[in-house]
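*Asks:* Top line first, the protein sequences correspond to chains A and B.
Using our numbering, count along the first sequence one by one with no gaps and you end on 319.
Using our numbering, count along the second sequence one by one with no gaps and you end on 1406.
Hints may contain errors.
[What the hints assert, rightly or not] BS3-like cross-link-like pairs, simulated, lysine-lysine; straight-line CA separation at most 25 Å:
1) A/K139 <-> B/K1207
2) B/K1023 <-> B/K1207
3) A/K139 <-> B/K1132
4) B/K1172 <-> A/K146
5) B/K1172 <-> A/K139
6) B/K1023 <-> B/K1172
7) A/K146 <-> B/K1207
These are calculated hints, taken from the structure and not from any lab test.
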Amino acid sequence: MLRQAQAEPIKVDAAVEAVDLVKDFGATRAVGGISLRVPAGTIYGLLGPNGAGKTTTLRMLLGIIDPSSGTRSVLGHGRPIDAAPEVGYLPEERGLYPAMTAREAIAFMGALRGVPLGEGRRRADALLAEHDLADWARKPIRNLSKGMAQTVQLLGTIVHQPRLIVLDEPFSGLDAINQGRLEALIRREAVGGATIIFSTHVIAHAERLCERIAIIAQGRVAFEGSVDDARGQLRPIVRLRTGADDGPWRAALPEKAQREGGLWVFELPEGGPEPLLKALLEGGAGIETLAIERPGLHDAFVAIAGNAAAVSMGKAQAA
Amino acid sequence: MMRLLRSAYVVGRRDFAATVLSKAFIFFLLGPLFPLLLGGLFGGIGARVATQAERPTIVVAMAHEDYGHVAMARDRLARAMGNAAVVRLIHVPNRPGEQVDPMPLLNSRELRPLAVLTGRIGDAQLTGNVRKGDPTVQQVQLFVDPGWSQESSSTSLGVTVVEGAAGGSLAKERALTAQIGQMLLFFLTILLSGMVLSQLIEEKSNKIIEVIAAAVPIDALFIGKLFAMLAASVLGIAVWLAAGALLIDIIKPGGVQTLPQPALGWPAFLLLGTVYFATNYLLLGAVFLMIGAQASTVREVQTLSMPVTFGQVLVFGFAATAIGSSFSNEALAAAIFPLSSPMVMLAFAAERPEVWPHAVAILWQALWVLLLLWVGARLFRRTVLKSGPTKRWYQGWFGTTARHIP
């Protein structure tokens, strides 16, 4: 989808920049000094367990709430509300007027962002038809299923063709088919030039979609960089099956090597695979299988955010 | 500024359409008509019953010539006192000089008269359950007075009309107009502005507040909501006024034109009434929106309604002190206090012909509407959206600590 022509769009390298954002709710510190830089045109993921401060961070970035301290800029605007016509936002807690029809809801959300009502209705019809909801266009939201209503809200989020799309837990509540559709929509918007920030506790989505991620734990950024960088935080894992039970080759294994179902599992030593292989061969290990696996984002997340956070995300995901 | 107004328009248009195009709005429009219609109906029946009860019927058993004299005398009295104040006459003709027995006529179930008038002018006899000195007897005495029925009078009265003079009676009438105007303004506002209390509940319970707060300034949300409700209220009032005027025209001879004339005249008074309703509604509505925005459930809104209503009654009482003493210290204070100012100034329009104080008052009230909306929006961001620094003034001196959510 083409981006909406703006009067004078500010060209920026970073769609969003935040410096040391802090948010206290009374005596409770929800966000404890988050700094982010989201390059323009990227798909950027905010990962973290529930209560990590993702939603509060997004709300501060969008200007829904002001931070207790720290600064942020959105599409070059120091006051996020000034960038609102170029921003689309899908909140975690979805909400629409139940009596409004689907097309009116989308057109209303567009009108809030500056699209004339007539044009908004035209775009709403096109978007609904594109998402197989044309028959529901003139039905009240209260008559739609939860998934349909969520899709309508998502369409309302992009109806004004924003340069920055912020999605808070966009996959929650969607079935597998709609999750796939949403992924496709996110990719399509990114290809069209939009910057997309989404928060999630489903690591698989972030791994598939994101070019860069920030892992937030306990109100702070525990990691910020590309998915490869995150995975690069860990050494590759070696899974080895040998013919010999013992011998001089054992000296080549690291101290932390563990037996798991007849396999030796350990991190690839600093020297890389060649010295390891040489030592195993010369030590008479009788290599039957040897696999060197790159760690996944989940492993990286566990290592970065801590096991407790990973368990928490796993539970949330299962729920 | 244009973006703020445009955003407010988008919010307001949605709210107005959602209100006016709902089935509930029909009941909203019909609501005040029920007591009016019932009042009119029972009032009409009561008035008819009262009229019939208070207007005795006299059967006139006289010759045509004599009855003509009596009827002319009755008409003259009716013109002076109003038809309802004068006895009804039923003519039972007889021949001149014929002796009539009044008893069969008096006992007639069909006629049911209070008394029967027999004889001729100058020698008439009234028979019935009446006593000398009764108003009915006094009236009949005039009817049979040979001099009373003559249209021309020997004495003449010159009449000089002075426009705009506010003598004792006129001042009293204008005070009545002021009082009615204030009451109307108060009741319309109390009935209509209460709706504003719950205006943000829908957005908060639907969670759509997040979408709106991210898209438009909170000030635009407040302005849009307030003006949408004002527009819906004005629409309702227009319907009610039209129905009210029709009702007055039906039940009151002469219609609305018989109401006491305000000092500035009806057109200016009605125009100012509309403006002051708008400012009164916006002022109270801004306060209610501010208070209601703090509530998160309908129950909380209902709990807030009572103290808010009492507050309005207090303000109305304060404004009422200005009637009849437009330049007193109390009236001045009530005109300056923003929440009572519109009601005071409407009373002023009824009692005083000066125009410039209205221009000053409208500007003053508009300023307060903006101020209250500004404060309301910031309070909403601060207390409901939990926005902004949490430091209190004293924490600047003694520092603050916060712990992270575990």
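*Asks:* Which hint numbers does the structure go against, in order from smallest to largest?
*Replies:* Failing hints, ascending: 3, 4, 5 and 6.
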